[in-house]
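The opening residue of the sequence shown carries number 1 in full-length UniProt numbering; numbering runs sequentially from there.
These are calculated hints, taken from the structure and not from any lab test. It is possible that part of the hints are untrue.
Stated by the list, open to error - Simulated restraints, written as ranges between beta carbons of each label pair: (1) 48 with 190: 35 to 41 Å; (2) 271 with 58: 48 to 54 Å; (3) 55 with 150: 28 to 34 Å; (4) 245 with 48: 20 to 26 Å; (5) 242 with 190: 30 to 36 Å; (6) 40 with 91: 19 to 25 Å; (7) 276 with 193: 24 to 30 Å.
Just so you know, even glycine gets a beta-carbon here, dropped at the ideal spot from N, CA and C.
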Amino acid sequence: MSKKRGLGKGLGALIPVDSNDVNGSLQEIRVEDVQPNPRQPRQALDQDKIQELALSIKEHGVVQPIVVRPIAGGRYEIIAGERRWRACRILGLKFIPAIIKDYGDLEASAVSLIENVQREDLNPLEEASAYRRLIDEFGLSQEEIARLVAKSRPFITNTLRLLSLPPEVQDMLSSGVITAGHARAILSLDDAAKQIAAAREVVAHGLNVRETEELVRRFINESSDVSAPVKEKSSPAASDGELVSLEDMLGDVLGTKVRIRARRGGRGVIEIAFDNRDQLDELVNLLLK
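Given the sequences, and given the hints that come with them, work out the whole structure.
Shown next as structure tokens:
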């Protein structure tokens, strides 16, 4: 088994830099001397957003410098800001402001991953893959990743679990057909075939996350007929889109399932799921911050 490659400069070297960074060299460099990072964690760039960014740059200029590192041949490799660079190319600009950092391959890759996660540029599956790379390639723990990207450790754990979904379900998640909340509910099924069947039901019937959780409970309890969508007509939370959205938002922040039970008079109960005592302790610490 190959040994994990460490980051000699420590976690401080992995904090993405910005225009106020004092340790890098801020310069105007030629756009044609810059090239993309081949280890870019984002698998697809939204061309419409790049066009919108180009219009903004045309009117206001490049507000935030890109971050690059020097490579062979007097060229530079992008660490952060590929969309800004591509927008400048569309506009035919000759120069772009850049912070030049002397990163090695390991630091450059790790910073690029973390920068994308912090900017929320990645879809849930790309984010999960980024965390997996930080663990496998750079030897970071889930606790260290959580600190670097300002997330809870349970959130990191549950995001990583998305990588265990069958390819068909992963495709649905990557394309936005289902959300991370749907995917987390589907992960409660321990059989790939059932996970695929449940995901297809979600898409076919347009189920929300609460309805998906109920569907999954049917799979677990019955392991048979799942042809009809499950609707919780008697549940105020299931019929209230605002509460469902709040459940999804809290679930994303805490990295676990959250259920809101609304009662008459504006009162209610919030249920937060946990798998073990360690996760409970972490959730308590997160809520007390």
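Hints and how they fare:
1. 48 with 190: 35 to 41 Å: holds (40 Å)
2. 271 with 58: 48 to 54 Å: holds (50 Å)
3. 55 with 150: 28 to 34 Å: holds (31 Å)
4. 245 with 48: 20 to 26 Å: holds (25 Å)
5. 242 with 190: 30 to 36 Å: holds (33 Å)
6. 40 with 91: 19 to 25 Å: holds (21 Å)
7. 276 with 193: 24 to 30 Å: holds (27 Å)
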